[in-house]
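Enquirer: Quick note, the sequences are listed as chains E and G, same order. Going by full-length UniProt numbering, the first sequence opens with residue 1, and the numbers climb by one from there. Going by full-length UniProt numbering, the second sequence opens with residue 1, and the numbers climb by one from there.
One or more of the hints may lead you astray.
What the hints assert, rightly or not - Have a look at the derived ranges for each label pair, beta carbon to beta carbon:
1) S106/G x E215/E: 55 to 65 Å
2) P5/E x T275/G: 22 to 32 Å
3) G300/G x G220/E: 25 to 35 Å
4) A299/E x R289/G: 39 to 49 Å
5) A249/E x T291/G: 32 to 42 Å
6) S9/E x A218/G: 56 to 66 Å
7) G28/E x E242/G: 49 to 59 Å
8) S9/E x V256/G: 50 to 60 Å
9) T291/G x R72/E: 32 to 42 Å
10) R289/G x G28/E: 55 to 65 Å
11) K313/G x R72/E: 56 to 66 Å
12) A218/E x M2/G: 42 to 52 Å
13) S232/G x A299/E: 37 to 47 Å
14) A295/E x R223/G: 25 to 35 Å
As the list claims (entries may be wrong) - Computed, partial: chain G to chain E, Cβ under 7 Å:
15) M37
16) A41
17) P42
18) T44
19) V256
20) L257
21) A265
22) A266
23) R288
24) L290
25) L293
26) I297
27) V298
To be clear, the hints were calculated from the coordinates, so they are not data collected in a lab. Just so it is clear, CB atoms sit at the ideal spot from N, CA and C, and this is done for glycine as well.
2 protein chains.
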Amino acid sequence: MMDVPALVSQAREGKPRAVARLISLVEGASPQLREVMAALAPLTGGAYVVGLTGSPGVGKSTSTSALVTAYRKRGKRVGVLAVDPSSPFSGGALLGDRVRMSEHVSDPGVYIRSMATRGHLGGLAWAAPQAIRVLDAAGCDVILVETVGVGQSEVEIAGQADTSVVLLAPGMGDGIQAAKAGILEIGDVYVVNKADRDGADATARELNHMLGLGEARAPGDWRPPIVKTVASRGEGADELVEALEKHRAWMEEHGVLQERRTARAANETETIAVTRLRERIADLHGDRRLTALAARIVAGELDPYAAADELVKGLTSA
Amino acid sequence: MMDVPALVSQAREGKPRAVARLISLVEGASPQLREVMAALAPLTGGAYVVGLTGSPGVGKSTSTSALVTAYRKRGKRVGVLAVDPSSPFSGGALLGDRVRMSEHVSDPGVYIRSMATRGHLGGLAWAAPQAIRVLDAAGCDVILVETVGVGQSEVEIAGQADTSVVLLAPGMGDGIQAAKAGILEIGDVYVVNKADRDGADATARELNHMLGLGEARAPGDWRPPIVKTVASRGEGADELVEALEKHRAWMEEHGVLQERRTARAANETETIAVTRLRERIADLHGDRRLTALAARIVAGELDPYAAADELVKGLTSA
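If we strip away everything but chain E, and leave its shape as in the complex, we get (with noise of 0.2 Å):
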């Protein structure tokens, strides 16, 4: 056994291998996962998490790296957490393709960690909150989540991050895959990335349209900024590291900080929940009762629905 304590005052302190340990006991299931988790609930709170989501090809992980410098240079602690849903291999395969991100690593104040999430119960949504907690009471001040693939994983992302930042490449035909993934909906600040490519104004303007932003809207809404970068040369990260921070303060100003946190732990909560009472199902299989009733209801004695009843009376007193 771990001794947690020390291993979470190790990471306050910055010491990455402590941060990598309690990140790999709240991974798995395990059976130190609840001590850890208490052990980090009153120290977060302070890291902001940005998630990141596009295509692939549009350059996230350069987009990444260069946000990472940009953050740097303003002084503050950075958590790279990149999760590759489609990924069968977890950490080291992946960081491997991560070239861009080979500049940070002997940063000490540089967190980078990749996760792979197939095999997790509900993906994502389970391993990822939990490596953020992490990050978070290690002392980051900024938490860059970015995401492989497309899709559910870019709406759950939404779901995990403080600020979501959707990047597009000109010619990729993007503004019509961003349509139908959704992420119209989900981004925060838009990057066209590549800006120094043919076609780069042309993404811009069409996303702009996509976006509605030409029209009038309420006082006080957010307008979701587009910011054009060339990550491969650093371009536009300070704009971007800008129109970050200042939908940070936006957020902050009309109580939406709160509000998505809200939202996010209360999804946690009821993720782990479910979790629980699907586990003590499962326990069930191979349990007499459950054997019992399914009997019954090959016999005609009892139908599904009031097997179902007597199994979560069983579960809930259990």
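Given chain E, put chain G in place with the hints provided.
Expert: For chain G alone, kept in the frame of chain E given last:
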């Protein structure tokens, strides 16, 4: 409100409109769902449920239709449940496609139902078993459950059927597809349809090899037969019925039928129980309890696991 006992007795007499109404009641979340299920329970258990599955284009509907004809020749009442998880449309839209079925539409000994699953909690696992119960209680001797689609739905259908038929066709690279989808593990009977085409023998040989049918088995083990058919001309349908009846006799002899039905009833009960618990949790959204717990998490006073404990406690005492 429907008069459920009257509907059930009309369904027993073979009135298709009563059967249709009952299925509509159990498909949706009708307030009378439980009353219907309770009324059906003592009338079920008489039907033999056969699942038919395979990639698009192998001729599932044609094969189903040929099987209906073959069973009707034997004086059996037949129910057909066509499940298409990818269709957003229910009933009618699908039936229009099933020209092959049209010859059976006016036969009072045949009941045909198409079913869409999108939007239902748990998809096929949710709605199909209940529709099967209606057809069973209505006096069908055989129920053919046809799934369009590949992968997960095929594995699910195998869980719903007494006997699972996996269909292949020559020259479609189906062998590899089948292996990928894991359907090599779920077939009790295999059909190579379109057996008049080039490559039918090769497909059968490949299948034979992949199934390891040449290998020795323990005495009493079931050895899945491979039946060649040309369903569009009804060829091989009688052989398929014979193979099905053999499998059914083997299952009865070895207690497998009872075992499978009990497992099915257990799964069904479990699904309903999980759905009910999820609904209870969903009801808590907007509930002050969950919001209050979430606010305490954001304030760092509570961790999500401790909050989930309180939530589950609250649920189970509700």
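Enquirer: Next step is simple, just say for each hint if it's right about the structure.
Expert: Here is what the structure says about each hint:
{"no.": "1", "hint": "S106/G x E215/E: 55 to 65 Å", "result": "holds (56 Å)"}
{"no.": "2", "hint": "P5/E x T275/G: 22 to 32 Å", "result": "violated (41 Å)"}
{"no.": "3", "hint": "G300/G x G220/E: 25 to 35 Å", "result": "holds (29 Å)"}
{"no.": "4", "hint": "A299/E x R289/G: 39 to 49 Å", "result": "holds (40 Å)"}
{"no.": "5", "hint": "A249/E x T291/G: 32 to 42 Å", "result": "violated (25 Å)"}
{"no.": "6", "hint": "S9/E x A218/G: 56 to 66 Å", "result": "holds (60 Å)"}
{"no.": "7", "hint": "G28/E x E242/G: 49 to 59 Å", "result": "holds (51 Å)"}
{"no.": "8", "hint": "S9/E x V256/G: 50 to 60 Å", "result": "holds (58 Å)"}
{"no.": "9", "hint": "T291/G x R72/E: 32 to 42 Å", "result": "holds (37 Å)"}
{"no.": "10", "hint": "R289/G x G28/E: 55 to 65 Å", "result": "violated (29 Å)"}
{"no.": "11", "hint": "K313/G x R72/E: 56 to 66 Å", "result": "violated (45 Å)"}
{"no.": "12", "hint": "A218/E x M2/G: 42 to 52 Å", "result": "holds (48 Å)"}
{"no.": "13", "hint": "S232/G x A299/E: 37 to 47 Å", "result": "holds (41 Å)"}
{"no.": "14", "hint": "A295/E x R223/G: 25 to 35 Å", "result": "holds (29 Å)"}
{"no.": "15", "hint": "M37", "result": "holds (4 Å)"}
{"no.": "16", "hint": "A41", "result": "holds (4 Å)"}
{"no.": "17", "hint": "P42", "result": "holds (5 Å)"}
{"no.": "18", "hint": "T44", "result": "holds (6 Å)"}
{"no.": "19", "hint": "V256", "result": "violated (13 Å)"}
{"no.": "20", "hint": "L257", "result": "violated (10 Å)"}
{"no.": "21", "hint": "A265", "result": "holds (4 Å)"}
{"no.": "22", "hint": "A266", "result": "holds (4 Å)"}
{"no.": "23", "hint": "R288", "result": "violated (11 Å)"}
{"no.": "24", "hint": "L290", "result": "holds (5 Å)"}
{"no.": "25", "hint": "L293", "result": "holds (6 Å)"}
{"no.": "26", "hint": "I297", "result": "holds (4 Å)"}
{"no.": "27", "hint": "V298", "result": "holds (5 Å)"}
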